[in-house]
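Residue numbers (the numbering used here), protein chains in the order written: chain P, 14 to 266; chain R, 14 to 266.
You may find that some hints are simply not true.
Same chains, same names: a pair is fine if it fits in one copy or spans any two.
[Unchecked claim] DSS-like, lysine-lysine: derived pairs with alpha carbons at most 25 Å apart: (1) 33 x 257; (2) 32 x 213; (3) 30 x 240; (4) 197 x 90.
In short, the hints are calculated from the structure, not lab data. Remember, it's a predicted structure, so these values are computed and weren't measured experimentally.
There are 2 protein chains.
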Amino acid sequence: MDNPVIQTMLNHRSVRKYKKDQPSDEIVETIVRAGQQAPFASQLYSVLLSRKKKAPFGAPLWFIICVDLYKLERFMKIRGWEVVTNDLSLLFFGIQDAAYMAQNMVVAGESLGLFSCFLGAAPYQAERIARDFKLPPRVFPLVGLVMGYPAEDFPPRPRYPLSFTLFEDRYPEFTDDEVAAAMKVMDDGYLAQGYYVKQKAKIPIEVDKKDAFTYDNYSWTEHIARKWGQWYRSPEELTEQLRKRGFEITGKE
Amino acid sequence: MDNPVIQTMLNHRSVRKYKKDQPSDEIVETIVRAGQQAPFASQLYSVLLSRKKKAPFGAPLWFIICVDLYKLERFMKIRGWEVVTNDLSLLFFGIQDAAYMAQNMVVAGESLGLFSCFLGAAPYQAERIARDFKLPPRVFPLVGLVMGYPAEDFPPRPRYPLSFTLFEDRYPEFTDDEVAAAMKVMDDGYLAQGYYVKQKAKIPIEVDKKDAFTYDNYSWTEHIARKWGQWYRSPEELTEQLRKRGFEITGKE
Chain P
14 MDNPVIQTML NHRSVRKYKK DQPSDEIVET IVRAGQQAPF ASQLYSVLLS
64 RKKKAPFGAP LWFIICVDLY KLERFMKIRG WEVVTNDLSL LFFGIQDAAY
114 MAQNMVVAGE SLGLFSCFLG AAPYQAERIA RDFKLPPRVF PLVGLVMGYP
164 AEDFPPRPRY PLSFTLFEDR YPEFTDDEVA AAMKVMDDGY LAQGYYVKQK
214 AKIPIEVDKK DAFTYDNYSW TEHIARKWGQ WYRSPEELTE QLRKRGFEIT
264 GKE
Chain R
14 MDNPVIQTML NHRSVRKYKK DQPSDEIVET IVRAGQQAPF ASQLYSVLLS
64 RKKKAPFGAP LWFIICVDLY KLERFMKIRG WEVVTNDLSL LFFGIQDAAY
114 MAQNMVVAGE SLGLFSCFLG AAPYQAERIA RDFKLPPRVF PLVGLVMGYP
164 AEDFPPRPRY PLSFTLFEDR YPEFTDDEVA AAMKVMDDGY LAQGYYVKQK
214 AKIPIEVDKK DAFTYDNYSW TEHIARKWGQ WYRSPEELTE QLRKRGFEIT
264 GKE
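The whole structure should be built from the sequences, with the hints applied where relevant.
Structure representation (structure tokens):
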């Protein structure tokens, strides 16, 4: 069950420190071409690249993968058609198209010695990215992806046990003990790597709640709980960015 | 720039005809494990598997990759937290998590000789899938993925030229001729493979518009235009499925 593809995937790490070496144009094009060959609904994506701007973590390559309905609408116009599909459905398909291509880029990069890190905040910076790259309407930045040769090394990060991920025929009724066992795999795994203490990544508690954690016991489940327990309360921030890019998820105006 | 990973990706095909051979449990587990190791926001996914039900295209494996907030909420409760993040943002992150894992599964499968095909209608069948697999609330079926050993062979399908996909520093102002050139690559590529005539896949025109196409000239851009020019007009079908699974994208009730 072992081969270079499986090995590359199991060896994945999100890297946050890069060498300055600039990958060649040929490498960049190979990675994007491998991305393009992913399965798609309608190739509803575009890839932005910046090699001049100072990228996060000092990466030489800074991609932003976008959901792109503009190209679709341009060619549909030439064919005498107008998009009638609602924007929410288009986003569901477009996000998948863009993500399938992005993940191929991640793995293709790693097969060539380039590691990467997704930057999930792009949707919340859509207006600024649109201005920087002069995006036409109906192009929405989904995710940033910095890439380069790694200047740090560490083992792959832990994942849930397979029994907490793959469910045949029916979704199990988990007991609290079973949930706690899956949490422990994640928490012990990150603690053993000293991940949060090295990154100084502890998220402060902003609500009325005592912080019972030090870097000795602060790990993945507490970290993730503090994100989704405190951040992004209102959908307005995202719907506003979508609206400015020409997307109305609750129906056309 | 060539290696087994890039080769596997460039060789991708979505297969719609399978041999009956059932892949071993070890193969299935290897594929899902490779999927799990993809980068993620918070492992907001689960993978359903059916090997008993008659799958589309006679495939031996029928996966459904879901956005899963249920497991997150179970462990957050144990940690003394509640999700406050809005559902739209959670879906943006969750769809990406699920899609990154799904695309790793596609490529891992192909490296082991198993090909696959995404089935995009899962979100519109969410209620039925939830009943079949006894899904808890806050688990949303994103995409089906049938997989098996291929019983058909054909070349990889065409893709947009790189110049219509990768944009450095700024998004180009395409002329109609440039758009038409990208369309021609797709249309000529699919016509040369006889794709639509073999699949008998022409989409009927349901609106007041003359059908000027035969299988001699019906190709990718016309096909795609007929989808998004006719299907899924209202977001209600999708928001209703989301609502039944416990997602309110316009804000909690």
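Against the structure, the hints come out as follows:
1. Neither within a single protomer nor between protomers do residue 33 and residue 257 lie at most 25 Å apart by alpha-carbon distance, with minima of 35 Å and 50 Å respectively.
2. In this homomeric assembly, residue 32 and residue 213 come within 25 Å of each other (Cα to Cα) only inside a single copy, at 22 Å, whereas the closest approach across copies is 52 Å.
3. With identical chains, the CA atoms of residue 30 and residue 240 are at most 25 Å apart within one copy only, with a shortest distance of 23 Å there and 44 Å across copies.
4. Taking CA atoms no more than 25 Å apart as the test, residue 197 paired with residue 90 passes between copies only; the shortest distance there is 15 Å, against 54 Å inside one copy.
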